[in-house]
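So the sequence lines, in the order shown, correspond to chains A, B and C. The first sequence begins at 1 in the numbering used here and counts up by one. The second sequence begins at 840 in the numbering used here and counts up by one. The third sequence begins at 1097 in the numbering used here and counts up by one.
The hints are simulated quantities; they were obtained by calculation from the structure and are not laboratory data. It is possible that some hints are incorrect.
In silico DSS-like pairs for lysine-lysine, Cα to Cα no more than 30 Å straight-line [stated by the list, open to error]:
#, chain 1, residue 1, chain 2, residue 2
1, B, Lys868, A, Lys411
2, B, Lys988, C, Lys1371
3, B, Lys1062, B, Lys920
4, A, Lys411, B, Lys1036
5, C, Lys1409, B, Lys1062
6, A, Lys527, A, Lys576
7, A, Lys411, B, Lys1042
8, B, Lys988, C, Lys1278
Okay, the calculated beta carbon distance ranges per label pair [as the list claims (entries may be wrong)]:
#, chain 1, residue 1, chain 2, residue 2, range
9, C, Val1281, A, Phe318, 37 to 47 Å
10, A, Val192, B, Pro1066, 27 to 37 Å
11, A, Glu310, C, Asp1269, 30 to 40 Å
12, B, Val1074, A, Asp161, 43 to 53 Å
13, B, Asp1088, A, Arg195, 28 to 38 Å
14, C, Val1281, A, Ser287, 24 to 34 Å
15, B, Val1074, A, Glu3, 13 to 23 Å
16, C, Ser1219, B, Pro1066, 57 to 67 Å
17, B, Val1074, C, Ala1216, 28 to 38 Å
Quick reminder that beta carbons are idealized off the backbone N, C-alpha and C, glycines included.
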Amino acid sequence: MSEFPSKANVVVIGAGIVGSCLVGHLSRLGWEDIVLIDKGPLPNPGGSTGHASNFIFPVDHNKEMALLGVQSANQYRDLDRSVDSGGIEVARTQERMNELDRRMTSAKAWGVEAEMLTPAEVKELVPFINEEVIMGGFHCPTVSVVDSLDTGTLFRNEAMDKGVLQVFANTEVDDVETVDAPNGQQKVSAVVTNRGRIEANHVVVACGVWSNRVANMAGATIPLVPAVHQMADVGPMDILAETNNEIGYPIVRDMDTFCYERQSSGSMEVGSYGHRAILHHPDDIPSNEEAALTPTEMPFTQEDFDPQMETAIELMDFLGDAEIKYAINGLLSLTPDAMPCLGETVEVNNLWSAAAVWVKEGPGMAQVVAEWMTYGYPRVIDPHVSDIARFYPDERNEEHIWARADEHFIKTYGIVHPAEQWVSRRNLKVSPYYSRQEALDAMFFQARVWERAQWYNSNADLVERYGLSEREVEWDNRWWSPITIGEHLNMRENAGLFDLTPFQVFEISGPGACDFAEYLAVNKVCKGVGTSAYTPWLNHDGGFHSDLTMMQTGEDTVRIVTGAFDGGRDEYWIKKHLPADESVTFTNMTESVTTLGLWGPNAPAILGSLTDADVSYEGSPYGSVINIEVAGIPVTLFRVSYVGDTGWEIYTSWDNGPALWDALMEAGSDHGLRPTGMGVYAVSGRIEKGYRLMGAELESEYNPVEAGLARPKVKAADFIGKEAYLAAREAGDPEVHMVTLIVDDNTDSQGRKRYMQGGNEPILTADGERITDSHGRVSRVTTAGYSPSLEKMLIMGYVPAEMAAPGTQMKVMYMNELFPCTVVGTGSAFDPENTRLKG
Amino acid sequence: MRILALVKRVPAPGARINITADEQYVDDKNLGHAISPHEECGVEAAVQLIEQHGGEATVMSMGADVSEEQLRAAVSVGMAKMVLVPTDGTPKDPQETAAALTAAIQQLEAEEGAFDLIIFGNESADQGGFQVGIRIAHALGRPMVNGIKGLDVDGASDGHILANREIDSGVEVYELPMPACVGVKEGINLPRYPTMKGRLASKKAELATVEAAGEAGGQAQVKLLSPPEVVNETVILGNGPDAAPAIVDLLEELGVM
Amino acid sequence: MTALVVVEHDRGAVPDAMFEALTAARGFGMPVHAAVTGDGAAEAAGVLGAWGAEVVHHATGANIGDYSPEAWGQAMVGVVEATSPSIVLSAGTDRGNELMAQVAARMDLPFVANCVEVSADGSSMTRAQWGGALHESATLTADTKLLSFAPHSIEATEQAAAGTVAEVAVDVDAGLARTMIKDRVVLSEGITLATAPVVVSGGRAVGSEEAFAPLEELAGELGGKVGCSRAVTNNGWRPHSDQVGQTGTRIAPQIYIASGISGATQHWVGAMGSKNILAINTDPEANMVVKAGWAVIGDLHEVIPAITEEVRKRKG
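Extracted from the complex, chain A is given alone in its bound form (with noise of 0.2 Å):
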């Protein structure tokens, strides 16, 4: 072995699948003198790769999730270490059958093959199977099963034949370095291990469930925790033994149970998701010489696998007549939200998170980091759910990563409504007026940290004032009330009053935050004070990273207002490229301003009443920002919409919250003024107008051309994306557009009206094929939503430039079914003129 060098390029802490991937993804990419450290040794270093029952199921609903997962098999197959198994997940209960379709429809999405089949033809597939509990089958004929150990053993020898990585087993971190930054900020500097000290431009912590341990020595966070998933070897089987392979039937996934039942060779890996969540602290793994097995194969706890036999045997009898010849609490990473962690981290420079990730998405996943380090910014996907700096602060403490994992476990092959809330770690950001809105029966929903009234119980009475019902089918009426389509005909009629306090507001300062500003964004920020821009921010690739509003405050000022999604996103990239001069303070100023919308034709009416200022559209022109006194609380108003109508959002300091709430609210009690829910606010309001939403519509495989936000004059002033976006823009036409499409008819073929989720149902050609463009992007549904005015389903999504004509016939697939639909533009489907937002 090579001496233990002093001084490298990249050190990769983790030589599991992701490391040894990334390593390889690196070597790609040109990097060199790149070192590879794991504390266990090779090519098993104990950690949660050595134990993983290595099959990937390519069907996920979640766009990142399901195509890195594809990404990932084909890494294998290339590789040669993959066998298509094919894998069935069956459904014992009606619910699930409905899941099934609409696992149908996500594999439509993402172009994988599947089929839905009746219990005899599950059995001819896999002969063993009791098909009298089971109602059918979801078959994906592509569910591969991979050598990753091998995998990781091959990416290691081809970055080592170019040269330019060295590997070092057995090594243990013991610390991570770091020496300060400008702007206050902390950069990586070395790794301490017990080997020797090394000196590094990048570390990656690649080393799964010790990722945080090991990202916590430099001060930074990475929130997982290990958690335990139960496996069991039972065997040997003779009609598995004479397949005389790893794997010669199809992996099938009993859903209903959270269990799976996988061939290894002559016997049957039986896996449960369906215990409690057990989780650890890092520290209580053990070492590799302490282990029994390895240190992520902890002992076997048999009271929490009891249940699961029961259901397995009733599933596969030959199962309970097996001998259990190994059987494992196999350890896993967990998040907070149950996606990885990628990315630098927010707290420490050039030191990078590759973590919480699977063997299913493993190389996907490292190649996503390796281009993230190398251009900025990932190429093969948006990683914006991935991303580790989604997390709030208050995400990534101990408290909530356990609270968030213990409760998401469980769902692991459960039903997830796509709005479907947490229960545990709820209330830990609240509005002003939260008192108020639990006095209004608000339903809350959480946006990462912050409670948001997603409409309000005091409402009930417009439902029956506008003659609305519930909908017809549970699964659509789920986490919705017709109350939300009352508030939002009645803020068309009347008004409506907004909390928009979760927006997340920075504020830019000193001699340089105007340029900062310019460089940040794509449109003019600085046009004087008082003036606003609605802008997206690109990567240096051209593609969308966020969508916001900014405000010039002040000569050297300038107020940065984003979503709750996408706080910590934006908060980091903002510090990411503060000028090193340090010539600009960034603040966050999201606890010290809350922020009011309102809106709705009599909106000018109740604002006017309570300020002598001048707020006619003349003197509060749309876009402007001015300073005045409502109800004599000192307000900055930006006449500004998202829902369609006109309006304000009126920002006021926190103390000041509650009592301008009340002004507006009793002044708006002659005007037909409701509180009213993000409901309006987030679908109903936006879709209606097609106003696109960042990590929705806007996503950093689009650019503004395609998403229709390109303005007729770019800036002069340099910004990130600025060459990209010039190429972009000079191509002409581009080849997809992002449109609104109004489905005809919702419905289906039991007469039920149905109501699309808007979680990447595909949209498809009149003829119900798939649409993908030349890079691979496919069409669909971005986002959907009920049109209260329209009184029909809305959808939005990118398609081809020769689709996007209004009037183009297409389809739209929900629940395995088609629904037609018509493009509506590229425009609004309701009030295409804004000849409301004038009002």
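Got chain A; can you put chains B and C on it based on the hints?
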């Protein structure tokens, strides 16, 4: 036949064994537990004898309540009954253990009849006293041979059992008149693993408890300690075929030539 | 005050461990006596003087013959009762511990097995737990202190003493002959993977069914068996019965020679009971190499035949 197998619950450690802060116990915080390996083979031997000759096998363990886990594990591979002789879980010296178990066996036999064969492990995996079975057999007045790697009823005279023990030159054969006791050694058989159905059945089995105790003997544990030289480093004997002489030196040293 | 060494032997052949026990006995600062009985006792007694036994008590009487734990144990009780030693000790061999336990049971005395170090008065000691992986500091309270020394805990050194043989007539109940050896069988065949003293295993790196021939040769020379990893079985190169591992056989040989085996857990579970492990692997960081006590870095296709050749050379 009526057979009794005695088992002890022990931690299942890895390559390094940690000791608790009070130096009295193996730190089993992150360890699983198992039947001491020789005794696991004893359970298998009992199950095989019952399968061949009929009868009933009982498993008994002395220890804290958690020993129920090992008793049920034994039932899940075919033992019919299980008996716990409860203790406070502190380590007992061999005399005290033997006295308590003798009393418990006598009590059990008084209620249910004598056992034809009592199977011990050669020694426990943890304390390794090499004597509890012998003391009990003596107290019960029954023949006892330790280190047994083979049991055979068919080839023995009526009312006897053949017991094999390995020595360097081959195998010693003993013929014990029953009721008898043996201490078995790993390698006598390959213990079966429980089946799922066996495990589920064991959950329903009834746990019997026999209260019995002995007096402390003359041996007392002061504390546990790690051996002074834990040689964990791999010794590299050489590279490639040139290492052959060093390898054969090792084989000679280990006495396998 | 004497230290009495209970000497086990097989028809006169005294195992080396007994010389360690005699060496240890000299450390108690009192005259060392030894006790023998059974078939071949006279022969055994003859060698003990060289190791420091001043007197060798030869227990004789009816019902004593070939080895019998109970009869020999009772005979040793007779010597202890006749000579009243302060300390009675033996070696922690199968028979040594067994005889000591018999004496302890019959005299209702405590017996501390497998000591590695004992205080001069025999009242405190360090002994082996967990097969030596852990030590225990213990005390022994008894007028007659019964001990055994774990094999290899002491280096045997010769020290000539008189070795005077003194016959002691002992009374052994006829019934105790029930545990006398009835038959002896010389082992020649029937070794299984589970019981083989040597297992030579190959993994995926072996490459083919035919390529196992050199492993068979080496195993044959050492009286052992050939095992394999799961990858080998999966490839159909060897039957499942040869598979070492969690789903195959768990082995416990004196030495396990693992060649071209990376040491995946599934395999390790089957191999971890081995007394010694020699790993042969091209990768010095392979799991198996790290976990093994001994390793050779190299290609098994070259190393295995070289070992066989060397073994044959030494056997002549």
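- Earlier hints that do not hold, by number: 3, 5, 11, 12, 14 and 16
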